[in-house]
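Chain order of the listed sequences is A and B. For the record, in the first sequence the residue sitting at position 423 is 423 according to my numbering, with numbers rising by one throughout. For the record, in the second sequence the residue sitting at position 177 is 177 according to my numbering, with numbers rising by one throughout.
Do not rely on the hints blindly, as some may be mistaken.
To be verified - In silico DSBU-like pairs for lysine-lysine, Cα to Cα no more than 35 Å straight-line:
hint, chain 1, residue 1, chain 2, residue 2
1, A, LYS67, B, LYS383
2, B, LYS137, A, LYS137
3, A, LYS66, B, LYS378
4, B, LYS388, A, LYS75
Unchecked claim - Pairwise CB distance ranges (calculated):
hint, chain 1, residue 1, chain 2, residue 2, range
5, B, SER29, A, ALA152, 30 to 36 Å
6, B, ARG438, A, GLY348, 47 to 53 Å
7, A, GLY420, B, LYS336, 51 to 57 Å
8, A, ASP118, B, GLU304, 46 to 52 Å
9, B, GLU173, A, GLY420, 50 to 56 Å
10, B, ASP263, A, GLU131, 27 to 33 Å
11, A, GLU99, B, LYS378, 52 to 58 Å
12, B, ASP263, A, GLY348, 48 to 54 Å
13, A, ASP118, B, GLN266, 54 to 60 Å
14, A, ARG372, B, ASP181, 18 to 24 Å
15, A, GLY348, B, VAL36, 38 to 44 Å
16, B, LYS301, A, ASP118, 49 to 55 Å
17, A, THR6, B, GLU304, 37 to 43 Å
Bear in mind the hints are in silico, worked out from the structure with no lab data behind them. The beta-carbon is built from N, C-alpha and C at its ideal position, and this holds for glycine as well.
Number of protein chains: 2
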Amino acid sequence: METKRTAVEIKNLMAYLGEEVIVKGFVESIRDHKKVIFMILRDADAKVQVIIWKNTTDEVLLEQVKKITTESTIKVCGKLTSNPFVKLGACEIIPSKIEVLSLANSPLPIDNTASLQDRLNWRFLDLRKPENLLIFKIQTALEHSMRETFMAEDFIEIHSPKLIGAASESGAELFSVKYFDTIAYLAQSPQFYKQMAMAAGFQKVFEIGPVFRANPSFTSRHDTEFTSVDFEFSWIESHEEVMAFEERWIQKMMIDAKNKFGDEIQNTFGVEIQIPTLPFPRIHMRDALKIVAETGYVAPKEYEGELDPEGEKIVFDYVKNTFNHEFMFVTGYPKKIRAFYHMLEDNGETTKSFDLLYKGMEITTGAQREHRVEILEKQAEAKGISLKSIDFYLDFFRYGVPPHGGLGFGLTRFLMLLIGLRNVREVTYVYRGPNRLRP
Amino acid sequence: METKRTAVEIKNLMAYLGEEVIVKGFVESIRDHKKVIFMILRDADAKVQVIIWKNTTDEVLLEQVKKITTESTIKVCGKLTSNPFVKLGACEIIPSKIEVLSLANSPLPIDNTASLQDRLNWRFLDLRKPENLLIFKIQTALEHSMRETFMAEDFIEIHSPKLIGAASESGAELFSVKYFDTIAYLAQSPQFYKQMAMAAGFQKVFEIGPVFRANPSFTSRHDTEFTSVDFEFSWIESHEEVMAFEERWIQKMMIDAKNKFGDEIQNTFGVEIQIPTLPFPRIHMRDALKIVAETGYVAPKEYEGELDPEGEKIVFDYVKNTFNHEFMFVTGYPKKIRAFYHMLEDNGETTKSFDLLYKGMEITTGAQREHRVEILEKQAEAKGISLKSIDFYLDFFRYGVPPHGGLGFGLTRFLMLLIGLRNVREVTYVYRGPNRLRP
Numbered sequence: 001m002e003t004k005r006t007a008v009e010i011k012n013l014m015a016y017l018g019e020e021v022i023v024k025g026f027v028e029s030i031r032d033h034k035k036v037i038f039m040i041l042r043d044a045d046a047k048v049q050v051i052i053w054k055n056t057t058d059e060v061l062l063e064q065v066k067k068i069t070t071e072s073t074i075k076v077c078g079k080l081t082s083n084p085f086v087k088l089g090a091c092e093i094i095p096s097k098i099e100v101l102s103l104a105n106s107p108l109p110i111d112n113t114a115s116l117q118d119r120l121n122w123r124f125l126d127l128r129k130p131e132n133l134l135i136f137k138i139q140t141a142l143e144h145s146m147r148e149t150f151m152a153e154d155f156i157e158i159h160s161p162k163l164i165g166a167a168s169e170s171g172a173e174l175f176s177v178k179y180f181d182t183i184a185y186l187a188q189s190p191q192f193y194k195q196m197a198m199a200a201g202f203q204k205v206f207e208i209g210p211v212f213r214a215n216p217s218f219t220s221r222h223d224t225e226f227t228s229v230d231f232e233f234s235w236i237e238s239h240e241e242v243m244a245f246e247e248r249w250i251q252k253m254m255i256d257a258k259n260k261f262g263d264e265i266q267n268t269f270g271v272e273i274q275i276p277t278l279p280f281p282r283i284h285m286r287d288a289l290k291i292v293a294e295t296g297y298v299a300p301k302e303y304e305g306e307l308d309p310e311g312e313k314i315v316f317d318y319v320k321n322t323f324n325h326e327f328m329f330v331t332g333y334p335k336k337i338r339a340f341y342h343m344l345e346d347n348g349e350t351t352k353s354f355d356l357l358y359k360g361m362e363i364t365t366g367a368q369r370e371h372r373v374e375i376l377e378k379q380a381e382a383k384g385i386s387l388k389s390i391d392f393y394l395d396f397f398r399y400g401v402p403p404h405g406g407l408g409f410g411l412t413r414f415l416m417l418l419i420g421l422r423n424v425r426e427v428t429y430v431y432r433g434p435n436r437l438r439p
Numbered sequence: 001m002e003t004k005r006t007a008v009e010i011k012n013l014m015a016y017l018g019e020e021v022i023v024k025g026f027v028e029s030i031r032d033h034k035k036v037i038f039m040i041l042r043d044a045d046a047k048v049q050v051i052i053w054k055n056t057t058d059e060v061l062l063e064q065v066k067k068i069t070t071e072s073t074i075k076v077c078g079k080l081t082s083n084p085f086v087k088l089g090a091c092e093i094i095p096s097k098i099e100v101l102s103l104a105n106s107p108l109p110i111d112n113t114a115s116l117q118d119r120l121n122w123r124f125l126d127l128r129k130p131e132n133l134l135i136f137k138i139q140t141a142l143e144h145s146m147r148e149t150f151m152a153e154d155f156i157e158i159h160s161p162k163l164i165g166a167a168s169e170s171g172a173e174l175f176s177v178k179y180f181d182t183i184a185y186l187a188q189s190p191q192f193y194k195q196m197a198m199a200a201g202f203q204k205v206f207e208i209g210p211v212f213r214a215n216p217s218f219t220s221r222h223d224t225e226f227t228s229v230d231f232e233f234s235w236i237e238s239h240e241e242v243m244a245f246e247e248r249w250i251q252k253m254m255i256d257a258k259n260k261f262g263d264e265i266q267n268t269f270g271v272e273i274q275i276p277t278l279p280f281p282r283i284h285m286r287d288a289l290k291i292v293a294e295t296g297y298v299a300p301k302e303y304e305g306e307l308d309p310e311g312e313k314i315v316f317d318y319v320k321n322t323f324n325h326e327f328m329f330v331t332g333y334p335k336k337i338r339a340f341y342h343m344l345e346d347n348g349e350t351t352k353s354f355d356l357l358y359k360g361m362e363i364t365t366g367a368q369r370e371h372r373v374e375i376l377e378k379q380a381e382a383k384g385i386s387l388k389s390i391d392f393y394l395d396f397f398r399y400g401v402p403p404h405g406g407l408g409f410g411l412t413r414f415l416m417l418l419i420g421l422r423n424v425r426e427v428t429y430v431y432r433g434p435n436r437l438r439p
């Protein structure tokens, strides 16, 4: 009875109304009534009802159907018939043959009441929820949109090494790797290597890849491995050019995501994507601190001269109320809290750098980089970094290098904020934390 | 004297003929003649001549020009004038002001006679050669083309964890990482995690990311870290579907690369890209071995029943001569030389798997995966793999899973072969080998 026809994706079924079809999918539910058994079959995009009439279906098939468990995968051959009473597409399949591709154990180890820990333990089952599949469809669309901008503007894609011989920043939070007879480290960011591309004359580069932080904290916004989006470009006059690129790059990303998934995001997460106007609001640190001070809030001592997370929220609320905008660039960061490679402003105290906050949370740090090697060396030494440990990096600036700047963008954080979730674990395909290496 | 105009990319200069322009670039060469100094300025896409007449240029500017070294970066303000005798675009810039952005030390540490080791030591200088920049422009185009296919066919992009708690294959060639109070490993491939996406119902996924191999060999085709392209999709009937996808995916990639860079590749590397016809030739292992045997060549003992690199070349030559084709799928690999998760053919001996060879070198291994957990367990045990060590992986197959297959594709190898190079070091942005962690 096998037809020669190849299987049809469920979303394309309607073209075959009245015909014999083959469909494959997960059995989402089985309802066994007196006269009839209903099964809902699900693939990645759509669902369809399969109806088995007990009085007209042959014994063998009926017995087979009774053994099927929910979440099993099956292949159904049958006739696709119109039925206006069926909510799902007003059609259903009357099967002539069913093949069980994979029988699911029953019961499933988690249900809808499972804790976050159990859900992460059984991540592959957790991901079957439609809202989780949607999250990764959105992520895919965001990444494609950002790459379209990069391609349209002649950026070169790089894959920088994750195994490195020396720390790119402070040396804290570095994972060490046994590397034959020596020790390597895992890159915390592609910073040095995207700057190397500038010294190589690549002019504009981007990278989307993993970065690693040996951070022992368990907060809802930290993980030990995440996907970072980095870009860097040459011949700039100031960090303002990096900000100007980022804001239109994000705007396009959000327009594309809204066009493709706006309704689904609204229905699933209750969030209407607000397309940001250009330019994004910009606020200098001194003004941001004034706004915080005026509320009477006093940040913990270690945050003197900068914004702590609570301060970021206060300033974000101010900006949101004043400008009706969910994004905010903060500039004027003092050098003591920025990396040694950020270029200083003429005052010698503040940096040509910025953070971008979205819905009150930091998603980007960017800057014009210091490309004058004598100044760069001084700035490294002032931070207590041994020049010897970064000699290969300093070399990039000794044989002609364009002025340049760029940023790092946390894909996971952005995605989380976009759809209104509050934990990076929810939007990470397979989360990694201090206690979590499995699955 | 600063004009308000922003800098122009050199490739766009011609629109400004007769006007004051600002350009920025590397000083590729300086020729100091009796009456005139010529400088060639280079950015990532084009070059332009700057001409300094000694009798009409002001003293300060002239003195400044004399101090400029090759490979310094400069900003030039001046008049773009037509000159039919100038090969480069028949125009030149007469500067009114030059700003040195970064003065290059002289001499450069490497020149055109440098050894491969020295070139890798000074990779950022080596990458300034136009042929090296071209390599990464081609790589960017290839990746964009492959993603376009993935997007058109509704694949989901995943970023699977590189820090893993258990080996995904044999446990050999694994790097270990000190992970807080325990040990983690670096993923050798996203194999288990892309299969997890199938169990999660993601249906079609791809990933482009780093993989790590603690392989101590120094051959021209091995490295300890490289960029792997992986995809996997569900509901297949056999590995033939994976092969059919791959061949049209590669064909599009090569058409796109040829359209964009065909002439440059021809001029730079002397290679004319041959667009492969579909389907690619397929050859079963038993026939491949016959072809090798007929030449009288005997492979080393450890390769019994399969092709060694020399055998691959022999079969490739045969296929190339017979089919005039640079690609060749080899099928019918015996189970003893394939991973435990490859599905067996009905004979119980050979696998539903394939390699793809391009110009005689393996660039892909792919297969239909065994999704029936009882068989999968038996196959793992037959390879001496403890079921306990892969319990989290086996769970993927216990709660309903679609039949699926996929492959891994070596981007670096493909790129190398496409342009006719013979060493992965040449086409890797920053190469990593047993003795190389820098830059």
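Here is what the structure says about each hint:
no.: 1; hint: A:LYS67 - B:LYS383; result: 33 Å, holds
no.: 2; hint: B:LYS137 - A:LYS137; result: 28 Å, holds
no.: 3; hint: A:LYS66 - B:LYS378; result: 28 Å, holds
no.: 4; hint: B:LYS388 - A:LYS75; result: 31 Å, holds
no.: 5; hint: B:SER29 - A:ALA152: 30 to 36 Å; result: 32 Å, holds
no.: 6; hint: B:ARG438 - A:GLY348: 47 to 53 Å; result: 33 Å, violated
no.: 7; hint: A:GLY420 - B:LYS336: 51 to 57 Å; result: 52 Å, holds
no.: 8; hint: A:ASP118 - B:GLU304: 46 to 52 Å; result: 48 Å, holds
no.: 9; hint: B:GLU173 - A:GLY420: 50 to 56 Å; result: 43 Å, violated
no.: 10; hint: B:ASP263 - A:GLU131: 27 to 33 Å; result: 49 Å, violated
no.: 11; hint: A:GLU99 - B:LYS378: 52 to 58 Å; result: 22 Å, violated
no.: 12; hint: B:ASP263 - A:GLY348: 48 to 54 Å; result: 50 Å, holds
no.: 13; hint: A:ASP118 - B:GLN266: 54 to 60 Å; result: 58 Å, holds
no.: 14; hint: A:ARG372 - B:ASP181: 18 to 24 Å; result: 44 Å, violated
no.: 15; hint: A:GLY348 - B:VAL36: 38 to 44 Å; result: 41 Å, holds
no.: 16; hint: B:LYS301 - A:ASP118: 49 to 55 Å; result: 51 Å, holds
no.: 17; hint: A:THR6 - B:GLU304: 37 to 43 Å; result: 38 Å, holds
Checked against the numbered hints above, the structure violates hints 6, 9, 10, 11, 14; every other hint is satisfied.
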